[in-house]
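Chemist: Here are the chains, one letter per residue:
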Amino acid sequence: MLAGFLLLLLHTAVDGESTCSYQDVLNYLNLTKNNELYSMTRPVKDYTHPTQVSLEVLLYAILDVVKIDQTFVPYVWIFTKWQNEHIYWNPNDFCGIKTVSLPAEILWKPDIIIEEMTEKDKAPLSPHLTIDSNGLVHVQDDQVLVSTCRMHIFKFPFDIQSCKLSFKSVVHSVSEIQLVRHLNSSQATEWSREVMRTQYEWLFINLTVTNKTVSMFDFQQDVMIYTITMKRRSLLYIVNFILPILFFFLLDLASFLISDSGGEKLSFKVTVLLAVTVMQLILNDILPSSSDRIPLIALYCIGIFALMMLSLLETILVMYLMEKVSASEDNNSRGEKKLTHCACICDVSSDGTPTELQKGSISQLKEESHAEELREVLEMLAVLLNSRKEEAKPEYWTRIFSG
Amino acid sequence: MLAGFLLLLLHTAVDGESTCSYQDVLNYLNLTKNNELYSMTRPVKDYTHPTQVSLEVLLYAILDVVKIDQTFVPYVWIFTKWQNEHIYWNPNDFCGIKTVSLPAEILWKPDIIIEEMTEKDKAPLSPHLTIDSNGLVHVQDDQVLVSTCRMHIFKFPFDIQSCKLSFKSVVHSVSEIQLVRHLNSSQATEWSREVMRTQYEWLFINLTVTNKTVSMFDFQQDVMIYTITMKRRSLLYIVNFILPILFFFLLDLASFLISDSGGEKLSFKVTVLLAVTVMQLILNDILPSSSDRIPLIALYCIGIFALMMLSLLETILVMYLMEKVSASEDNNSRGEKKLTHCACICDVSSDGTPTELQKGSISQLKEESHAEELREVLEMLAVLLNSRKEEAKPEYWTRIFSG
Amino acid sequence: MLAGFLLLLLHTAVDGESTCSYQDVLNYLNLTKNNELYSMTRPVKDYTHPTQVSLEVLLYAILDVVKIDQTFVPYVWIFTKWQNEHIYWNPNDFCGIKTVSLPAEILWKPDIIIEEMTEKDKAPLSPHLTIDSNGLVHVQDDQVLVSTCRMHIFKFPFDIQSCKLSFKSVVHSVSEIQLVRHLNSSQATEWSREVMRTQYEWLFINLTVTNKTVSMFDFQQDVMIYTITMKRRSLLYIVNFILPILFFFLLDLASFLISDSGGEKLSFKVTVLLAVTVMQLILNDILPSSSDRIPLIALYCIGIFALMMLSLLETILVMYLMEKVSASEDNNSRGEKKLTHCACICDVSSDGTPTELQKGSISQLKEESHAEELREVLEMLAVLLNSRKEEAKPEYWTRIFSG
Amino acid sequence: MLAGFLLLLLHTAVDGESTCSYQDVLNYLNLTKNNELYSMTRPVKDYTHPTQVSLEVLLYAILDVVKIDQTFVPYVWIFTKWQNEHIYWNPNDFCGIKTVSLPAEILWKPDIIIEEMTEKDKAPLSPHLTIDSNGLVHVQDDQVLVSTCRMHIFKFPFDIQSCKLSFKSVVHSVSEIQLVRHLNSSQATEWSREVMRTQYEWLFINLTVTNKTVSMFDFQQDVMIYTITMKRRSLLYIVNFILPILFFFLLDLASFLISDSGGEKLSFKVTVLLAVTVMQLILNDILPSSSDRIPLIALYCIGIFALMMLSLLETILVMYLMEKVSASEDNNSRGEKKLTHCACICDVSSDGTPTELQKGSISQLKEESHAEELREVLEMLAVLLNSRKEEAKPEYWTRIFSG
Amino acid sequence: MLAGFLLLLLHTAVDGESTCSYQDVLNYLNLTKNNELYSMTRPVKDYTHPTQVSLEVLLYAILDVVKIDQTFVPYVWIFTKWQNEHIYWNPNDFCGIKTVSLPAEILWKPDIIIEEMTEKDKAPLSPHLTIDSNGLVHVQDDQVLVSTCRMHIFKFPFDIQSCKLSFKSVVHSVSEIQLVRHLNSSQATEWSREVMRTQYEWLFINLTVTNKTVSMFDFQQDVMIYTITMKRRSLLYIVNFILPILFFFLLDLASFLISDSGGEKLSFKVTVLLAVTVMQLILNDILPSSSDRIPLIALYCIGIFALMMLSLLETILVMYLMEKVSASEDNNSRGEKKLTHCACICDVSSDGTPTELQKGSISQLKEESHAEELREVLEMLAVLLNSRKEEAKPEYWTRIFSG
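Chains as they are written, first to last, in our numbering: chain F, 217 to 619; chain W, 217 to 619; chain Y, 217 to 619; chain A, 217 to 619; chain S, 217 to 619.
Please keep in mind that the hints were generated in silico from the structure rather than gathered at the bench.
It is possible that part of the hints are untrue.
Any copy will do: because identical chains look the same in the list, a pair fits if it lies in one copy or spans two.
Unchecked claim - Result set (EDC-like, lysine to aspartate or glutamate): computed pairs, CA atoms no more than 20 angstroms apart in a straight line: (1) Lys540 to Asp476; (2) Lys380 to Asp327; (3) Lys428 to Glu410; (4) Lys297 to Asp434; (5) Lys384 to Asp327; (6) Lys314 to Asp434; (7) Lys261 to Asp240; (8) Lys325 to Asp262; (9) Lys314 to Asp262; (10) Lys371 to Asp501; (11) Lys314 to Asp240; (12) Lys261 to Asp309; (13) Lys336 to Asp501; (14) Lys384 to Glu335; (15) Lys447 to Asp357; (16) Lys249 to Asp348; (17) Lys336 to Glu321; (18) Lys325 to Asp357; (19) Lys384 to Glu410.
Being a predicted model, the structure only gives us computed values, none of them experimental.
Based on the sequences and whatever the hints tell you, model everything.
Modeler: In structure tokens, the structure reads:
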């Protein structure tokens, strides 16, 4: 190493005329890869000096917001700046060199982490940093942050989410590292809007910054919290999910116009119910399962499902009652039919009016004989009707009965 | 290196007034990246001293619990602390410096692993650690642990899971590394509740800690087991899966009111069955396949499926029998009809009562001729009926027959 | 190290006849792994010299274009070239050696990043680079770039996408690093076409290059933007999705030919609607959710869905009205039937023509009694008809009524 | 370095009383990070000594068995042990220190790989190893092995899989590295059962070990093959897939009881077929596609599908034939009906018996006129019937015909 | 380092009797981790010597072939061999040591890449390589290659794919690195067959090797192309997808036997169409979207879909026409019926034959009145019939009409 060092001196001496070279600055600072003064400890001359770390965050893109995992993946530009007290040179001594860019790993860096971050940065790290002649170190990192974010999906898909990014040091107290910033919330929002590329299915609303000092186990730390607020673009969910289900509900309502007598009403209603079940496969895909309240969209879905089912049950009951009534009519009228038939033939010689009279009296008899049965039925229906007020035409099928 | 070292001494001498610098402490300790005293072996002066490693774990978030792979992904904060006997300085000699933070890789660290962990930590590791003047080394790691956890899904989705995190050294025996802790179970639970962010679809219940010494191949080791207990939020599973299937079952029950005579009952019941089959696509997605007992939810699903099928089979049988009966009635009554028809005309001149009498006697004959056939049928139905008690109206369709 | 160095000299002296060895060049340049002159700072002798970085990009493959994440994954060949002013040798002194290939990590490299890149390069990096005798450094990298790209999916699947790759330095200003290129847009397109392997589901259209200087926070930087334009191959989407839905729509149109009287029309139409719902499961898979405008394909789908539903509602209404009319006909004609029946028998002694006359007059009466009811119905239908002009045979079912 | 070394000596001299320190052992062995004696070559004094590597594998968990990729992911504990001939110390000279634990990367390790392994280990590697005073090196690794495994899915889901893990050196021949073990197959099985945590959907059966020497390109190598045998827990597959399909088959069989005359039989059977098609979506998910034989479960599924289709075709044919017969009956009997009707009236004055006789003779005529048609039909049915023996009631519908 | 070196000499002198140690060879060669002679440049003494790299590739497993991404993942064994001219020793001087194995990173390695490779190798790299006494370096790597491969899916699932692996140096021209091989195509195929483990869903056919020299930008390079040809095992695709769709087509064909008069034909055909739609969900999963030609299987699917739809439209048309005809018949025959009915009664006193005659003449009249209507219908049908020849029984339903 001694020999290597001497050779190096020799070599730089050979092309010694290059006094404007960056290497001269590094030589002056003795800033080499192995100089532990620069990489081991916080770069202050007096340990009581806190290192002020300036931190600016711009939101470049919203890459992903995974409902299922409650994961938020923004792509941010982080500009960090701090004072390294071991670095100082007079630019005039070095042809006016004011800044030098260096490999990032040779200098101490503050251990700022984002509390919510759950995966190592996936984007390529910046390999270089820049130092100023007065000791300021500038680092720019473009980071893809996989962070956890508690989402409120009650109003899904009309929800607004706020995700936090809490920057803090891991091991340094507030007396060692202090976090400062120059852009305020509205400036950060404005700049972010300018550089923003893709926003996924979200509409970026704003970016707010707050500083605070938290203490845990009697250990005071500076925390800078960036809160990203965004609104979901719900258009496609409406078109793909909410509208079709609403359509099916309209169909189900419309089915009250279908005659109860044939079998097609039942078949129609149960097929519509099947289609809603298929839609539920989609709901199962898009909805996160991590909620303590049922999301409105699930209530909407299960509510429509339940209404359809109730109306289906009602249809079945009405059909059953109608059939029962007509069955007893049949029993009575079979004999009667023969009577009237015969009567009809019997009456060919007389006029038609007695037949009318006769039929009337017979049906009167029939209705009397089934009076107690019908009364039971109507009581059941009364109970059933009270339980559903939301459907528009309850009078429709009662009219069928009483009419 | 010699030259570099001399230069370094020179350089620090140049700004020699900085006696409050961290670097002075490191120089005093001779703590450099290459000093193998600090990084190679367990930092004790006498090898018989065990190193006591203090370990505190707080649960910051539950990121994922994958049923299919039996994987549990908590995000924990791990605070580790141990004594490095090579480190000691008098803070008074160094302007009162009591702690120094250093790059994490230059000191020996205990090889504590989590037995259940199946993937390398994905979260960014803390780059720094802190040393005290009396030799205590503090490390804080925020780790995303992908760990395996045996889940009991018998009661899914009303299950409570307990996942263990067993901390132990890989190669050190209990005489070398001992695990201690300061927070007890209730304190750890309380602190975790305080820092907890997202809980995925789970409700964190508690965190218990137990210490024990295990021996394997005559090798004694300290193990500290953190057990995280949590309860699944089952609300969405009820709304999305259990309720719809229950609704379909109600529909199927209600279908007993539909008349057996038309084709719509069959069509109705088989469509409801098809809808339950579509729901089974969802079950296949949400249910893990790794169970030795069938989960209750699968039993619920297949049970309802089976009941529906039985009732469908019954309907088919009843329809078959009714048709058979009516077919033989038809055969007999065709001739009879003509008889009565003719008779009716024949009797126009006489009174209507003999016709009634005649018809009665004929149907009596008909019933006698099919008596043995009906007896067989009723025996079959008796067997069938005994096999199903859970359905409410078994007397309904028997009445149809006997009525 | 001194000893090692002396030994090395000794060793190379032993086989000293090898004056044509690459090692001689490196020795002359003192280019070793630890020589920080080569790896620490921008390789210029005068810091005012900007480093011109020549950058050529060829598109080798389009690996993936994920609509959901708005991610574009091209596989590109990047040829980078710049001047290292510390490197120079006379080939004649070294047997004519003009180029030497070296491990890539021992020389300074410009910190060129691609702004849109969101993941570290997955392809293996080239381990070697080449230096020229006049100091030019050549690097060739085959990179799989996972980049974000704002997609316009309004015309999906007939869309053309343009994705940008913006090359720029992270920390160097335009006075330090300048980006130049030798291939123009058409040459880059031509070369790319030649080397292109797979294009995924896309048809590569062209590759355009633009240079510009941007300024941010008063910091001027050179940016070179490669724009890749490509067209989606929509054939399979037509065959798998658009055609089947169109077919179902045709079926639904054709169902106007089915008689309204039976139940099969309803059942037919609702099954076709169910099939379209199943197709929507596919749409949900292929469509990105990140759009501020509804894509045409979703409009197409929901539009056809809505038309089908309207026609279904109409069918139900028509059936209801028909039934109502026939029910009132029935009420009137029941009495009437007996009359005509009897009349028929009554008329056996007279001729058949009066019966015709009689029936006519009765139906006239019937139509008069329901005239006000029908008028209401026709007004409702008129409103309904105005709302749908796209269906070909609106006169069909009105004719049924009026006919 | 020289200076550093001297300082180090000085420092340890300062606290010279610590003769029981691990560092003393390392100093005695000159075991530093840069001593290439320990890390470069196989640690034997005479190159003809083979290094015996003792290898014990315990199965801690079965994490995943992916049918689609034929991937097997066990979590194993691997205990490796070998002799490093450069290491020896007398414990008595060092206060009785018998073992020292060291960072794993500073010693030579055998290049044992697992041939089937397709991904780098995902679990965190043990950072330490242990050396004995007599030179034995102990390494314990907890590895998650993503390995390829040829699966035999013919009997799925009742299959038993055997996956191999073949441990061998990459470049060392049998004269350099020999693999030995101390646990036999039954001991390894027993220990594995004891430590086993999760078994995914599998039931661990046993673990067998075999040693052999293979030669490739005249290069002899020791291979140790651990074979893990496990049985799939098929319960859930039965409940979720096999039972529902069987149920549908039963329904299809039962549908033979439904009358052929109405349309509901067809509708019923085709809906059941549709439900089986939905089940096939699940089969497509769970079945690997990499088989040269069709798995039994696919045969089961397609077989039931085919049987259902055949019975459906048969139903259609029978209905067609019945309709044809009745159509020709209708043609003939229309005239006939009028005859009998009239005849009935005609016969009012005479007795009823001749009508019976007359009707009999007419139907006789009718049957004669269709005799040749029926014969053709019955021949077709005979062919059809021979092709299906598995269904229970072939006589049912033939009786309908002949009856 | 000097001190360390002297100590090392001392230490090896202490056990100086070990003259058969590998370390002696390394000391003779001065082969240390820091000797840049071995790791920096191409190991030739005269730069004009090209380095011949011998490359043998065996296919160990086909792990994955992803249609969607056009990704091919083989697991290959790559045996590489080249001459390092700096390495030479006389085995006789070192107890007969002929080969030494070393950590892989300390020697120069050719920068051979595989052009198609899109991800870094996932399998663990071999940590060691072997050197011969005459300077040959042997490296064996087991690599999982994630490579891109242009697939031809036109004939899917009966396709044969050929995927290339093009080995070439990144920066070295043909005058620096030459690629040679010893196994020819048939030998490589044979050896691969022998070591092959899993083949995924493919059947390995053969492995061909070709050498060529390509030039790009006037830069000549050696390329060695291994082409792996394999055939898809299509059995499961036939069983799971092609057969079921064919079955549905047969059902649809068979539905021509169902009577047009009832509603069940329509319901049957549309349910079969729905089942085919569900099958299309599977097609959407298994088919890649990256094709310029529509794959045969998609044509098959959409073709059958279209045929079914046409036959469904036809059925609807036929039903419409039949209904229209019968409706006009009804209008005419209503009056007529009464006539015949009355006539029948009228004729009771006369004989039955005139009724026959009368009915005949009436139906004759009826057919005449509808003659022009039927002619139009038949012309439409003729057009329709010409458009479909593939269905077997077009005469069936025309006969219904004309009959």
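Chemist: For each hint, tell me whether it holds in the structure or not.
Modeler: For each hint, the structure was consulted:
In this assembly of identical chains, lysine 540 and aspartate 476 lie within 20 angstroms of each other by CA distance both inside one copy and across copies; the values are 13 angstroms within and 12 angstroms between. For the identical chains of this complex, lysine 380 and aspartate 327 are intra-copy neighbours only, at 19 angstroms inside a copy versus 30 angstroms across copies, given an alpha-carbon limit of 20 angstroms. For the identical chains of this complex, lysine 428 and glutamate 410 are inter-copy neighbours only, at 18 angstroms across copies versus 27 angstroms inside a copy, given an alpha-carbon limit of 20 angstroms. When the C-alpha separation of lysine 297 and aspartate 434 is checked against a cutoff of 20 angstroms, the pair qualifies only between copies, where the shortest distance is 16 angstroms, while the shortest distance within a copy is 28 angstroms.
Only within a single protomer do lysine 384 and aspartate 327 lie at most 20 angstroms apart by alpha-carbon distance; the minimum there is 8 angstroms, versus 27 angstroms between protomers. Taking the closest pair of Cα atoms, lysine 314 and aspartate 434 come within 20 angstroms of each other only across two copies (16 angstroms); inside a single copy the shortest separation is 42 angstroms, beyond that limit. Proximity of lysine 261 to aspartate 240 under the C-alpha cut-off of 20 angstroms is restricted to the inter-copy arrangement: shortest distance 10 angstroms between copies versus 23 angstroms within a copy. Taking the closest pair of Cα atoms, lysine 325 and aspartate 262 come within 20 angstroms of each other only inside a single copy of the chain (17 angstroms); across copies the shortest separation is 29 angstroms, beyond that limit.
Taking the closest pair of Cα atoms, lysine 314 and aspartate 262 come within 20 angstroms of each other only across two copies (13 angstroms); inside a single copy the shortest separation is 25 angstroms, beyond that limit. Proximity of lysine 371 to aspartate 501 under the C-alpha cut-off of 20 angstroms is restricted to the intra-copy arrangement: shortest distance 17 angstroms within a copy versus 23 angstroms between copies. Taking the shortest alpha-carbon separations for lysine 314 and aspartate 240, only the intra-copy value of 13 angstroms comes in at or below 20 angstroms, while the best inter-copy value is 29 angstroms. For a Cα distance limit of 20 angstroms, the shortest separation of lysine 261 from aspartate 309 across copies, 16 angstroms, qualifies, whereas the shortest one inside one copy, 23 angstroms, does not.
In this assembly of identical chains, lysine 336 and aspartate 501 lie within 20 angstroms of each other by CA distance neither inside one copy nor across copies; the values are 28 angstroms within and 29 angstroms between. Taking the shortest Cα distances, lysine 384 and glutamate 335 sit within 20 angstroms of each other inside one copy (16 angstroms), while across copies they are farther apart (24 angstroms). Proximity of lysine 447 and aspartate 357 under a CA criterion of 20 angstroms is satisfied in neither setting, with 26 angstroms inside one chain copy and 33 angstroms between copies. Within a single copy, lysine 249 and aspartate 348 get their C-alpha atoms as close as 18 angstroms, which meets the 20 angstroms cut-off; across copies the closest is 27 angstroms, which misses it.
Proximity of lysine 336 and glutamate 321 under a CA criterion of 20 angstroms is satisfied in both settings, with 17 angstroms inside one chain copy and 18 angstroms between copies. Both within a single protomer and between protomers do lysine 325 and aspartate 357 lie at most 20 angstroms apart by alpha-carbon distance, with minima of 13 angstroms and 18 angstroms respectively. For the homomeric pair lysine 384 and glutamate 410, the shortest alpha-carbon distance between copies (18 angstroms) is at most 20 angstroms, but the shortest distance inside one copy (26 angstroms) is not.
Comparing the model with each earlier hint shows violations of hints 13 and 15; every other hint is respected.
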